[in-house]
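Using the sequences provided together with the hints, build the complete structure.
Chains as they are written, first to last, in numbering that gives the first Met the number 0: chain E, 0 to 329; chain A, 0 to 325.
Each hint should be verified, as a subset may be incorrect.
To give a feel for the contact side, a few chain A residues facing chain E, derived at Cβ under 10 Å [what the hints assert, rightly or not]:
id, residue
1, Ala102
2, Gln190
3, Asn195
4, Met265
Chain E side only, calculated, beta carbon under 10 Å to chain A, not exhaustive [to be verified]:
id, residue
5, Ala133
6, Glu151
7, Asn154
8, Ile222
9, Ser262
To be clear, the hints were calculated from the coordinates, so they are not data collected in a lab. Ideal Cβ placement from N, Cα and C applies to all residues, glycine included.
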Amino acid sequence: MYGYMEEPILIVNHLTTRLQIGHSPVAVVDDLSFSLYRGKTLALVGESGCGKSMTALSLMRILPSPPALPSEGEVLYQGKNLLAIPERDMRRIRGGKMAMIFQDPSSALNPVYTIGNQLVEVVELHLNLFGDDAVDKVLATLTEVGIPSPIERFNDYPHQLSGGMRQRVMIAMALICEPDILIADEPTTALDVTIQAQILDLMRDLQKRRGMAILLITHDMGIVAEMADEVIVMYAARGVERGDCRDLFNHMAHPYTKGLFASRLSLHSHHAKLPTIEGSVPSAGCFPDGCRFHTRCPYVMKKCREGMVPQFIVGNNNHVANCWLLEEGK
Amino acid sequence: MKHLLSVRRLKKYFPIYKGVFRNVVGHVHALDGIDFDLAPGEVLGIVGETGSGKSTLGRTVLRLIEPTSGEVSFQGSNVLKFGKDELKKFRKEAQIVFQDPLASLNPRKTVRECIGEGMVYHGIVKTQAEQKDRVAEVLVQVGLSPDIMYRYPHQFSGGQQQRICIGRAIALNPRLIVCDEALSALDVSVQAQILNLLQELKERLSLSYIFISHDLTTVEYLCDRVIVMYLGKVMETAAVSDLFQHPCHPYTQALISAIPKAHPEMIKNRIRLLGEIPSAINPPSGCSFRTRCPYAQPICCEVPPCLHGPSGGENHEYHCIRKPFD
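Here you go:
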């Protein structure tokens with residue numbers, strides 16, 4: 000579908016995740032489909048509350064239930080639907096074949112265990128290595144992610160490390176089992192620009208060496224420009240535009256994408272008034288009818304307010320957007 | 000009295016205590032001799048990595064932290080010598096906006112109480128009715144509706160909470176506002192809204208800002224002049240256009256090159272910094288950046304000279320042994 004010759008490693012078809020809030024279930028991920036390929040990065044972009052992280056958590060099946068209801072649709076990995084297999088099988092895949100890096104490394108690591116202890120646990124569970132073998136594997140991975148003097152760091156607690164080092168430990172934990180798919184949920188939001196550049200370099204380098212597929216979740220267009228091969232822009236639980244990274248940057252079609260990209264500062268002259276998207280993302284459960292962006296859209300038309308908006312092709316085949324403005328002749 | 004604020008040789012060493020008798024065993028050199036001037040109506044950006052002392056500088060200038068030594072003069076009078084009454088007057092003139100808006104608003108107070116408390120304390124309003132009118136006026140200025148006056152902080156989104164914090168700061172008609180990472184907790188689109196607001200308020204109320212940030216793109220957009228800090232020292236000071244067009248200090252060059260590119264087809268020349276900022280307990284001797292500097296030489300362990308940038312003049316200074324465009 001996206002013109003790559005290779006077989007996708009993960010296929011997501013019509014993924015829908017609902018949360019039970021009050022009496023009615025609310026869809027926080029609504030009919031999202033995409034595929035991940037070896038060695039390629041897919042970026043999910045959008046403001047807070049667009050359902051980016053919910054997508055990642057649904058793929059990993061780690062949403063707390065209740066309030067989450069079982070996800071619908073298909074997540075196909077090696078011919079199996081990950082949403083349908085028993086939890087016991089999922090535990091082997093989660094962390095082993097599919098790993099995740101979280102946004103805030105200080106809350107994702109356990110403060111009362113040393114980092115060595117936490118990493119050895121992963122190795123014992125997924126790789127069946129014990130004792131010195133496990134320790135050697137951990138030290139090798141810590142070296143690979145660029146932690147200086149790993150033997151000393153092995154016995155440190157998370158609070159003894161800086162933010163950048165903690166994020167490297169998180170990456171080590173995700174990569175130690177050599178996963179096929181890495182889900183990175185805002186991996187550099189908590190870090191300085193210089194450290195962010197180091198971490199992005201590291202991820203790119205490891206991806207090249209191991210051929211992982213990366214699902215990158217971010218709200219930073221700069222990171223998308225640096226890392227992504229393909230982009231999906233999400234708004235209010237739905238994908239509104241998707242395409243090849245370059246196509247998308249060159250021919251943005253959806254007004255939301257345009258607004259999001261236009262509010263980046265690097266494009267504007269000093270002190271000029273910045274274009275903004277008025278208002279904020281509606282919260283789950285209060286999504287408007289029709290195109291969900293119509294309440295904030297500067298080009299809103301009558302037909303935007305009701306019914307589903309079909310997908311239109313922009314430029315080349317891989318680049319599509321859900322917006323009436325793209326209807327023939329407009 | 001040309002400058003609104005002048006800071007000279009400002010130092011802050013935090014003592015480290017150890018043992019039963021709490022002996023001082025060392026110091027964290029958070030600020031190590033900072034000089035700068037702020038003109039009325041100017042926006043001064045302070046950039047640097049985490050741990051470079053940006054926030055300590057912002058707070059020390061306002062005397063929220065007592066400095067170890069140095070001088071801070073505000074409109075010609077020495078802030079560090081202020082007694083209780085003068086300090087109260089100074090607090091009205093100089094305000095601060097913090098990074099996390101929810102944490103800096105009292106969860107048990109309504110918006111009216113949050114914004115209105117300072118007005119009563121400083122005698123700007125005399126009666127309840129006056130307070131209500133003034134709070135409504137402030138809310139309109141920061142782009143919120145006066146109807147929200149009786150709601151609590153948790154009922155707002157992050158961007159609205161930050162607007163309330165800015166409203167609280169401008170409610171006392173200050174001359175100076177310190178914005179300590181005021182945008183970093185917000186989404187990109189909301190950041191743009193708040194930046195527009197700050198810009199607009201600055202012109203309308205003739206404010207000066209000290210804008211502390213680690214995000215160079217916002218600094219480039221909003222600020223007139225920038226100070227680049229590293230381990231409590233000033234590395235480079237320049238007008239914003241000079242700094243971004245001709246960065247002279249290797250640290251500034253590295254910071255600017257670490258900004259992610261704006262378009263996937265853009266080609267960027269990267270200077271990669273290895274490692275992280277060293278501990279401020281025992282900072283490196285001489286140039287504190289030399290442990291990570293790609294051009295470090297043996298001579299760098301001596302105090303680097305102050306040089307002027309290519310555009311010349313007092314307005315562009317940096318501390319390094321390298322001449323521009325070596």
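Hints versus structure:
Checking Ala102/A against chain E: minimum C-beta separation of about 15 Å lies over 10 Å; hint violated. The criterion of a C-beta within 10 Å of any C-beta in chain E is met by Gln190/A, whose closest approach is roughly 7 Å, and the hint holds. Taking 10 Å as the C-beta contact cut-off toward chain E, the hint placing Asn195/A at the interface holds, the least distance being around 5 Å. This hint holds: Met265/A has a C-beta 7 Å from the nearest C-beta of chain E, less than the 10 Å allowed.
Checking Ala133/E against chain A by beta carbon gives a least distance of about 28 Å; that is not within 10 Å, so the hint is violated. Contact between Glu151/E and chain A, as hinted, is not supported at the beta carbon level, the nearest pair being about 15 Å apart and thus beyond 10 Å. With its C-beta approaching chain A no nearer than about 19 Å, Asn154/E sits outside the 10 Å limit, and its interface hint is violated. Using the Cβ-Cβ criterion of 10 Å, the hint placing Ile222/E at the interface with chain A is satisfied: the shortest such distance is roughly 5 Å.
For Ser262/E, the shortest C-beta to C-beta distance to chain A is roughly 4 Å, which falls under 10 Å, so the interface hint holds.
Hints 1, 5, 6, 7 from the list above are not met by this structure, while the remaining hints are.
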